[in-house]
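There are 2 protein chains.
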Amino acid sequence: MSRISPLSGFPEWLPNQRIVESHIVSTLRRIFELHGYTEIETRAVEPLEHLLAKGETSKEVYLLRRLQEDSQAPESDTLGLHFDLTVPFARYVIENAGKLHFPFKRYQIQKVWRGERPQDGRFREFLQADIDVVADGELPFHYEAEMPIVIATAFEQLRAIGMPPVKISVNNRKVSQGFYQGIGLDDIEGTLRTIDKLDKIGPDGVRELLISENGASEEQAEAALALAAISGEDSRIADDVRALGVSHPLLDEGLEELVRLVEAAAQRVPGVVHADLKIARGLDYYTGSVYETTLVGHESLGSICSGGRYDSLASDGKKTYPGVGISVGVTRLVSRLLHQNLVTATRSTPTAVLVAVWDEEDRMVSENIAAALRGRGIAADVSPTAAKLGRQIRFADRRGIPFVWFPGRDHAGDEVKDIRSGEQIPAEASTWHPPAEDLTPRVVAAE
Amino acid sequence: MSRISPLSGFPEWLPNQRIVESHIVSTLRRIFELHGYTEIETRAVEPLEHLLAKGETSKEVYLLRRLQEDSQAPESDTLGLHFDLTVPFARYVIENAGKLHFPFKRYQIQKVWRGERPQDGRFREFLQADIDVVADGELPFHYEAEMPIVIATAFEQLRAIGMPPVKISVNNRKVSQGFYQGIGLDDIEGTLRTIDKLDKIGPDGVRELLISENGASEEQAEAALALAAISGEDSRIADDVRALGVSHPLLDEGLEELVRLVEAAAQRVPGVVHADLKIARGLDYYTGSVYETTLVGHESLGSICSGGRYDSLASDGKKTYPGVGISVGVTRLVSRLLHQNLVTATRSTPTAVLVAVWDEEDRMVSENIAAALRGRGIAADVSPTAAKLGRQIRFADRRGIPFVWFPGRDHAGDEVKDIRSGEQIPAEASTWHPPAEDLTPRVVAAE
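Which chain is which? The protein sequence lines are A and B, in order. In terms of our numbering, the numbers along the first sequence are unbroken and rise by one, the last being 447. In terms of our numbering, the numbers along the second sequence are unbroken and rise by one, the last being 447.
Treat each hint with caution, since some may be false.
To be verified - Quick look at which bits of chain B chain A covers, simulated, 3 or more residues with Cβ under 8 Å: (1) 7-15; (2) 27-40; (3) 89-102; (4) 105-114; (5) 359-368.
Stated by the list, open to error - With a straight-line Cα cutoff of 25 Å, these simulated DMTMM-like cross-link-like pairs (lysine to aspartate or glutamate) come out: (6) Lys-388/A - Glu-138/B; (7) Lys-200/A - Asp-186/A; (8) Lys-111/A - Glu-41/B; (9) Lys-111/B - Glu-41/A; (10) Lys-111/A - Asp-84/B; (11) Lys-167/A - Asp-84/A; (12) Lys-388/B - Asp-136/A; (13) Lys-99/A - Glu-447/B.
Claimed, not checked - Pulled from the structure, derived: some chain A residues nowhere near chain B, Cβ distances all over 10 Å: (14) Glu-253; (15) Ile-419; (16) Glu-428; (17) Ser-430.
None of these hints come from the bench; they were simulated from the model. Think of the CB as a built atom: it goes at the ideal place given N, C-alpha and C, for glycine as much as any other residue.
Chain A with its partners taken away, still in its complex shape (with noise of 0.2 Å):
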């Protein structure tokens, strides 16, 4: 084979970070199911048709086609990779309506394919989780409060292997729509992309673009400024913004939603999640409460965990349904876990005991003793072949392994080492067990 490299893009774990990455899968598996949330996976692929709904991301997509197929035009039934898990999901729930129970709270993990420009945390193969809820009518509005309470939830488990704490920002289309339409402010989609750049560009720069481009007076400017100033975690963010003195029906809706949610995730997970009226990303498609989550210390990385509120989900033509999700990026978070060497795996196998062969005449002995182990829950390999002792105990201590297994000869009984202390004790595969934190590999914060 010819060319063996890495392709730009599309990462790839040795078998220690794979350990990191499947810990974190597992993590959030848990803490979604411990919520009620079921599991799903979907096809790779849709139609074409259907990744483009999303227009904005268009230009991400990668098409399908056989080696062997005539035309390369694409065509209306091309297929494509999804970009996300919810357009699939959306095609999912129409697909599947009357076989679901609605709403229906499901978690999807799967890989996700966008044709982007490589770069630091941007991917273009890289694993998502994503839980969202649908309903089949109204969607309650504490459904929008769950989200950021879950993954709080799910992350604050991740601090004990050393991944920092994150932040979770929320805002509400309302709170901004209401706020532009009360203070007369024709072009809300426009507003909202333009406050986006807030981080980029400036309160100065935003200024003049709100000006120049979405039809702002100078007041008008000024308020939507004053709007995206405000954060906070209780309700003291209401009073902050009616103290700029607009009022509009859609602004009170909102900013009862967002005071709610926050002091519901205040109660639940405390410090973690704030209201941040700056947060326009996403607003332009979302329509109640909008997501963002940074990694403390590493805010650069760009949000690791976002998501919204959509009043259509998905819709059938006949029926409309309206949901909510959150999706965390896990090879994002992962990735930086890594690089920075902030995580690591105790080990780089699931092996617990190697057990050594004193003659290849004797394997089956070895054998019966893994098997033992096997059956009692205790991973445990036999060594390649009946080297040297000091070759079997490396072939261990280089894959992390903790314990080494010598079978009894000439009438004595087995024995176990720890490689780490030199301890050798008598042992019996019936009955001997590793200490719980050797039993399998641990994912640990890095030293």
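The hints should help you fit chain B onto chain A, whose structure is shown.
Here is chain B on its own, set in the frame of chain A:
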């Protein structure tokens, strides 16, 4: 969204079906890890030239291109979706050789894609679960015996959920090649391919082809057919082959290996692994043992788990890496178990307890109960609305949630109801536990 319909060859599961698939995957994962296999995942794409190196499957490859890409002609750096997990694993081994420890035992559970015409048991997107051992020098034979033993152990675990027993058939390239050379046949590959047609065209058809296409004499054809008729589970297969009066050093070597394999398997997993000398599929590219697995009573489904030994799994030009591996066709297996109603999940959600809500004002009381249960590892959900009690119970009943929790009112304590039996008892969220069999959805034989 228009034209919502399933795509032929791209299977998707409903939530309760995914629970079945997920159970099977985690059983495989657990057994693989107990045997010391470490997990890796590889990217979904490989350069086309690498995919084509395994020539015969070229017609099945899905190529990728970006929607906005200029050129549509396949170029040397065109990417395609992997059609198995062996080609990417071989590339991964070469790419990371300096960072892996050999012999390297890995498992890999991922989707693969083939542009095949979909039919029963054949899909365009499907899940495979592979184990392989690769060495950077000698690969000891005992790993060839390990493959079917690990797989038989995993499938044995799945008998508990109603999966039928499996029959693993093995053969050895050295036996066939040594035998053919011993009787003076030159066209080894051609003969293997003709013998592979035995089930389709019968012995008379095969005899004719061996003579007309593979240059066999009448006697040579008879001998090849006699070899293919031999099967068994112990050293008598070697006696049967030797009774044919052919001798060749490679034949002797192959017979010794084949007998060692079936005898090791008979000790560890009795009654599952059989030598079957008519198995030819794969022998033209494998170099030692080869495996095929049928689900007893479902032979027409084809092999659900196949593999074998390569002397050259991977090579970087300087160094050659021998390997042996086996691959479970998870989707083919799951699809059969589901569509023939052999296996089912006891419910369609992880939720064990639905906490009722008396009044929207009191939702936080119910949320606190759910949080307490979750904190103790019990999956809990809170009723979506404070609807009439009958409706809340129906919500649980439809999803198969076994318990509904009633928060205490008017100084009364909480109570929990088993909605199957109707039994309702006082309970506290800090101490109550469901019966072990109700804690998570179970996967069981369908009745």
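The hints, checked one at a time:
For a cut-off of 8 Å, the count of residues in the stretch 7-15 of chain B with a CB near a CB of chain A stands at 7, and the three-residue condition holds. Taking a C-beta to C-beta cut-off of 8 Å, the stretch 27-40 of chain B contributes 8 residues in contact with chain A, enough for the three needed, and the coverage statement holds. For the stretch 89-102 of chain B, the stated coverage by chain A is satisfied: 9 residues place a CB nearer than 8 Å to a CB of that chain, which reaches the threshold of 3. Chain A is given as covering the stretch 105-114 of chain B, and this holds because 4 residues of the stretch bring a CB closer than 8 Å to a CB of that chain, at least three being needed.
Counting residues of the stretch 359-368 of chain B whose beta-carbon sits less than 8 Å from any beta-carbon of chain A gives 3, enough to reach three: the coverage restraint holds. With a C-alpha separation of about 17 Å, the suggested pair Lys-388/A and Glu-138/B falls inside the 25 Å cut-off, and the hint holds. Restraint check for Lys-200/A and Asp-186/A: the C-alpha separation of about 24 Å stays at or below 25 Å, so the hint holds. A threshold of 25 Å between alpha carbons decides the hint, and for Lys-111/A with Glu-41/B the separation of about 11 Å falls inside it, so the pair holds.
Distance restraint check for Lys-111/B and Glu-41/A: the Cα-Cα separation of roughly 11 Å lies within the 25 Å cut-off, and the hinted pair is therefore satisfied. For the suggested pair Lys-111/A and Asp-84/B, the alpha carbons sit about 17 Å apart, so the restraint of at most 25 Å is met. Distance restraint check for Lys-167/A and Asp-84/A: the Cα-Cα separation of roughly 23 Å lies within the 25 Å cut-off, and the hinted pair is therefore satisfied. At most 25 Å may separate the alpha-carbon atoms for a hinted pair to count; Lys-388/B and Asp-136/A meet this at roughly 19 Å.
Simply put, Lys-99/A and Glu-447/B have alpha-carbon atoms about 21 Å apart, close enough for the 25 Å limit, and the pair holds. Separation of Glu-253/A from chain B is adequate, the least Cβ-Cβ distance of about 16 Å exceeding the 10 Å criterion. With a minimum CB-CB distance of about 15 Å to chain B, Ile-419/A clears the 10 Å threshold, and the non-interface call stands. Every CB of chain B lies more than 10 Å from the CB of Glu-428/A, the least distance being 18 Å, so the non-interface label holds.
The Cβ of Ser-430/A lies farther than 10 Å from every Cβ of chain B, with a closest approach of about 16 Å, so its non-interface assignment holds.
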